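Keeping the supplied structure of chain A fixed, place chain B upon it in accordance with the hints.
There are 2 protein chains.
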Amino acid sequence: MATAVTDPEPRVNDGFRFYFASWYKKSPYFGRTVEAGCRSWDLYNHMLIPTLYDDDVAEYWHLLEHVTLWDVAAERQVEIAGPDAARFTQLLTPRDLSTCEVGQCKYVVLCAPDGGIVNDPILLRLRKDRFWLSLADSDALLFALGVQAFAGLDVEIREPDVSPLQVQGPKSKPLIRKLFGDAIADLRYYRCADAELDGIPLVVSRTGWSGELGYELYLRDAARGAELWDRVMSAGEEFRIRAIAPSDQRRMEAGIFNYGNDMDVTNNPFEVTGLERLVELDNDHRVIARAALERVAAAGVRKKLVGVRLGGAPLTMWLEDFWPVTSGGREVGRLTSAAYSPRLRINMGYAWVPVELSEHGTTVLALSPDGPIEAEVVPLPFWDPAKTVPKA
Amino acid sequence: MATAVTDPEPRVNDGFRFYFASWYKKSPYFGRTVEAGCRSWDLYNHMLIPTLYDDDVAEYWHLLEHVTLWDVAAERQVEIAGPDAARFTQLLTPRDLSTCEVGQCKYVVLCAPDGGIVNDPILLRLRKDRFWLSLADSDALLFALGVQAFAGLDVEIREPDVSPLQVQGPKSKPLIRKLFGDAIADLRYYRCADAELDGIPLVVSRTGWSGELGYELYLRDAARGAELWDRVMSAGEEFRIRAIAPSDQRRMEAGIFNYGNDMDVTNNPFEVTGLERLVELDNDHRVIARAALERVAAAGVRKKLVGVRLGGAPLTMWLEDFWPVTSGGREVGRLTSAAYSPRLRINMGYAWVPVELSEHGTTVLALSPDGPIEAEVVPLPFWDPAKTVPKA
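Chains as they are written, first to last, in this note's numbering: chain A, 33 to 424; chain B, 33 to 424.
Do not take every clue at face value.
[Unchecked claim] Computed cross-link-like contacts, DSS-like style, restricted to lysine-lysine with a CA-CA straight-line distance of at most 30 Å: (1) A:57 - B:58; (2) A:335 - B:58; (3) A:138 - A:57; (4) A:423 - A:205; (5) B:57 - A:57; (6) A:205 - A:419; (7) B:205 - B:419; (8) A:335 - B:57; (9) A:58 - B:58; (10) B:138 - B:57; (11) B:419 - B:160; (12) A:57 - B:335; (13) B:57 - A:58; (14) B:138 - B:335; (15) B:419 - B:138; (16) A:58 - B:335; (17) A:138 - A:160; (18) A:210 - A:419.
[To be verified] To be clear about the criterion: a stretch of chain B counts as covered by chain A if any three or more of its residues have a C-beta under 8 Å from a C-beta of chain A, and this derived list gives those stretches: (19) 70 to 80; (20) 143 to 149; (21) 163 to 173; (22) 177 to 188; (23) 292 to 305; (24) 350 to 364.
[Claimed, not checked] Some but not every residue of chain B turned toward chain A, in silico, with C-beta under 8 Å: (25) 48; (26) 52; (27) 55; (28) 132; (29) 256.
Hints were generated in silico from the structure; no laboratory data involved.
Here the structure is a predicted model, which means the values were calculated and not measured.
The beta carbon of each residue, even a glycine, is placed where N, CA and C say it ideally should be.
With the rest of the complex left out, here is chain A:
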């Protein structure tokens, strides 16, 4: 549980003993993450995903200074293929996909007929008629299958055999160059391409969940997971590569959200700071959330997920439960994420507040289990708003 403490220990809440079971899928890299010292996993898209190796702060600094390898096989893909793939994919998201080139990636929200956010995947346009949606934690495959029922479009929709790794950190570029050569290493930010490593079939994209310079390796044959892991680790030795879990601190610095925690299907993109820009409806594309989102755009929103700077001593770990947010003694919202940024030396947070309390500089109180902490609404992201780091 994230609590304000002066003593940095313990870094983690107590938790409980969790038993492996056949209904939790294991990543193709699972054995390698155990060998690399992973000692706790999260559940994400019905799959185990590393959440802690040795120390989340040590992992954070390694990400900032060197290069890190993440098992994110739990980022499952929805593949949409066929003659109508582009038109079908456009139905699912209010982003304008008409300018999305083959080999381009886009961060998108998938929206339900009422405008609710179903998922916030990275979209990859692999071919003119083939898209992947690289998912956050919800069964968006089922959403796409539902839309397919009456869309009247010719597409095939499935979860393909794809298991991503993330290679993140400043040394990721020389490592990728060593592994794949210049064409892949020099991919522009949010571009992707087919690749191969000793015959292992891959797609590589210049994306990631860290705000650092980074790549994702989409393994297209689960049977070759250990081989790919070993190849990357071995080539990365000279760059001091190490395995880490996704960094909550670093993703919060970058203003990245955790779907299902920060927002869910009861929220629309206009309610989330930074997602408003993903609604691009100044066109006549067929989009299932169009009418609902146009209504929201006209009427405005009543609440907003904003960045906050929290007072108090450095926070440790993530939140065990949401913290109530109050103003004038009245509960007005909740804090969904909080982490201490070791380099900014501030406590970062995301909070749902009424829109009238969402202006920068507004202060509210976040009720931690140890007492109230002042929270000031601040711009997002906390670091590198121009994204010069990942674009480098």
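Coordinates of chain B only, in the frame set by chain A:
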């Protein structure tokens, strides 16, 4: 991990320390389950659900002999309401809902346009124009929202504030009678009704995941979870009530499946023993999986999920991973569930096999981590095929 052992200890695989986090929802009964001795939880529909109190075999016998209370708030509901609710709900499932009365429940499969199983919920018809789907572990809400996009029907679809408890075991009837009176206690099997307990709003159904006599209490106000739990526990004292986790042994005796483990969206209902009967298409109802399922019905299936009786020493715990199934030295399928039935004194299993190996009496080999175990295909369920126990 389920392994063939002669020594009954250890009953559990090693597992790992799992940390609470705000992205895992806690049930309204969470605190009470901790107090009642729950020491491990599963993740189900993004929520923690008890998986072990003290001893799964002791919990099993208590279920068979007395009455037990289960926190199954993770059975989230999809509510479909509005003038077209009946027609919309019929789109999602091949069961014939035209004969489903208000106050009736049905076990259904939700099927995608290709016939794949999206979920296998209990459907409750609460009103002429209001249905609940009490879900297994998948985001079927997103599926329904997808279908809504172009169905052209007037419905509202949402996840309501509903948190079920199961009250299961032979003494559940006198307990429910004591709490709610005759009308609720004497509900027929698979019937439901509105109810109230000291002003706590509920729906009560005569259903459950155990094959025992039992009820579900659908709490309609999460804020009153502890109050409801205490009220049931206190009234149940004279019947020796205790909290347990869902019993894997008992559900397997009853031939009940665990969605996401035994079958998933890549399987259709004709492939799963016992689910064939849920496809009722001898009518002209509009059902999105109709064409696909009619094709499967005509062409037949190539593989089948069947019941098997496993040899070897009594198995402990559940499977950590699927076990390969072989025939004539060739891998032909996988074992998805296995448990030792304390009263039948046999090892029960579910296995995917090619249809030509699905006849009763066929034997295959299941490759446990400790070596091959003979598996004979047998009828499902293992116990009480006429359901005289839960109908009592």
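Which of the numbered hints above does this structure break? The structure conflicts with hints 28, 29, although it agrees with all the remaining ones.
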